[in-house]
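**Q** Here is how the chains run, residue by residue.
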Amino acid sequence: MSSLVIIPQSCDFRKQSASLAVMEDVRERVLRLAESSGLTRRAFAERIGLDESKLSKSLSGARRFSSLDLARIAEMCQVTVDWLITGEEPPLAMAARTSGGSAAEAIALARRLCVLRGDMAGLGYPQPWQPVTGASGATGSSGGLAGQGRALAAAAARRLGEAGRSAADEDLAAAVEAVFGVDVTIAAVGADFDGLAASSGGAKIIALATTAVPSRQRFTLAHELGHLLAGDDQEVHLDHDIYSPAQSRDPSEARANSFAAALLMPEAGLRAAVGQDGITEQQFTALATDLMVSPSALAYRMREHRLIDSGSCDKLRKISAARAAALAGRGRELARRVAAAGTPRPPGLLLRDTYAAYEAGAATLRPYANLLGADVDELRAALESDDGPVDAL
Amino acid sequence: MTEFLFPDNTVLCNFATVGCLDPLISVLRGRGRWTEAVAYEARRSAQVLPALASLLASPELAEPIEISADADIRQVERIRRAAFGGTDDQPLRHLGEAQTCHVIEAWPDLAGSWWISDDREAVRYARFRGITTRETIDLVAMAVADGEINSKDGYSLMSRMASAGRHLRLPASAADLAHY
Chain D
1 MSSLVIIPQS CDFRKQSASL AVMEDVRERV LRLAESSGLT RRAFAERIGL DESKLSKSLS
61 GARRFSSLDL ARIAEMCQVT VDWLITGEEP PLAMAARTSG GSAAEAIALA RRLCVLRGDM
121 AGLGYPQPWQ PVTGASGATG SSGGLAGQGR ALAAAAARRL GEAGRSAADE DLAAAVEAVF
181 GVDVTIAAVG ADFDGLAASS GGAKIIALAT TAVPSRQRFT LAHELGHLLA GDDQEVHLDH
241 DIYSPAQSRD PSEARANSFA AALLMPEAGL RAAVGQDGIT EQQFTALATD LMVSPSALAY
301 RMREHRLIDS GSCDKLRKIS AARAAALAGR GRELARRVAA AGTPRPPGLL LRDTYAAYEA
361 GAATLRPYAN LLGADVDELR AALESDDGPV DAL
Chain H
1001 MTEFLFPDNT VLCNFATVGC LDPLISVLRG RGRWTEAVAY EARRSAQVLP ALASLLASPE
1061 LAEPIEISAD ADIRQVERIR RAAFGGTDDQ PLRHLGEAQT CHVIEAWPDL AGSWWISDDR
1121 EAVRYARFRG ITTRETIDLV AMAVADGEIN SKDGYSLMSR MASAGRHLRL PASAADLAHY
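Here the protein sequences line up with chains D and H, keeping their order.
Residues in the first sequence are numbered consecutively from 1, following the numbering used here.
Residues in the second sequence are numbered consecutively from 1001, following the numbering used here.
If you're looking for bench data, these hints aren't it; they were derived computationally from the structure.
Don't take each hint at face value.
[To be verified] Cut-off 20 Å, straight-line C-alpha distance, at most; resulting in silico cross-link-like pairs (SDA-like, lysine to any residue):
id, chain 1, residue 1, chain 2, residue 2
1, D, Lys54, H, Glu1063
2, D, Lys318, D, Tyr300
3, D, Lys57, H, Pro1064
Note that the structure is a prediction, hence the values are computed from the model and not measured.
Looking at chain D on its own, in the form it has when it is part of the complex:
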């Protein structure tokens, strides 16, 4: 399955009439939820803790729905309190409801993180998003979509370099967070999903699936960064299969792929590696290991720049990651990277900011503990404990 741009679709009345929902007031939204619940008015009232008379008064405007009423309605009808009040539903929320399987899990995760970032921004901790200067200009670069991707990648590489970082950093997620201000999270969300980029309400999130193929995860990270830096205005961009041939038929996908390839395998570096004498299989596998890309991706990239011929490409692209690491004598590195790619990673900037908010007393420890998946009491106890007696060392 190829990449999918999530466009708000409709399967219940919230989606069938999103614009109408905004125009309605809370009473009308509750009324429509009650009607679509299949319950009698009395049963609906009971489920939300009101008697029928109170519900009627609230629906007629003689009484206002309270905070508790709306929370109970939101819980029962699986909507949000914010939607009940405003009628506005972020596309991420709609996408989560219209997707299934791993995609739904990933979108739900991205949605939670975007909401958290929005709330953190309200506490003075906005997303520190640092778009590449002239990124929008890159979309008009010569060379079509591939040229746009390359121009954007060059600008991104310059930015990384200015910050003392590189696309060849082993922890690329940390580099992306530090340099571009994007939160990167890795989550165990299932096998049929590579990653997504979410841009919502000021939040910029990249979510990647855990995998045993670190080069694929790395390419996905660069690809999603390409979407964000290109300003692909899609709220959420989901990639089930980053290597799908269908990928190239979508303009934004083609550009993001070109960006990822150029960022991870810069042409100048490849030319330097090949030099005047061509490249041996051992040198090729060492280069793939250095760049942390798959042999097949590197082979195609080198053929694209006519650094190797089609015959060599066919031969080199068939080398497995394990074989490449063995030939390069760097099996340990591969083992470490496989372990890292299979390990969930909380979003680093949100972790930093939720803890800062805790330190400042603007929040409890719970948002930080939630990101870690930790029990808040155990975490606080650990934070407040010392490391143990010095004489035990």
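Position chain H relative to chain D; hints supplied.
**A** Positioned in the frame of chain D, the structure of chain H alone reads:
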């Protein structure tokens, strides 16, 4: 200015767990307040702690405070999520804490009220916000000071709460409680 007392549900459950609500009721008399979400939590807790039912029926806690202005509801929602770690898909989680913080902070007629909680996270946050906080140990000490219960019984009461698995700060001794 009246200093209202806003006990959270865990505090109410501490007393209900040991079937001894009189010290709590005596302290709350005339100045106990709660929000609708805390009252809702207490009603749910009463299903497993029948002693709570008598408190729910008593006049010592005024009618639950309803929050119904859109701006207030949205601010409560922001506090619930950003400060207390609640999520959109569990809209009742931490609602009582968020409502209580909001009304004490934002409603002038409730300014200066005390929030009574044994949740360390909630207490720490409230203190940073300038909200006066107290814990179950403070309520028992107040009941002791008021002569509603002697310090030995107060200490025993709190020890029973802890033995029943309730999480609260305990006095070192009965004498400690008397001089708290």
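**Q** So if I understand the rule, the pair passes when the alpha-carbon distance is 20 Å or less; does Lys57(D) with Pro1064(H) pass?
**A** Satisfied, since the Cα-Cα distance of roughly 19 Å is no more than 20 Å.
**Q** Does the structure keep Lys318(D) and Tyr300(D) at a Cα separation of 20 Å or less?
**A** Since the Cα atoms of Lys318(D) and Tyr300(D) sit roughly 11 Å apart, the hinted pair holds (cutoff 20 Å).
**Q** Holds or violated: Lys54(D) with Glu1063(H), Cα cutoff 20 Å?
**A** holds, 16 Å
Checked against the numbered hints given earlier, the structure satisfies every one of them.
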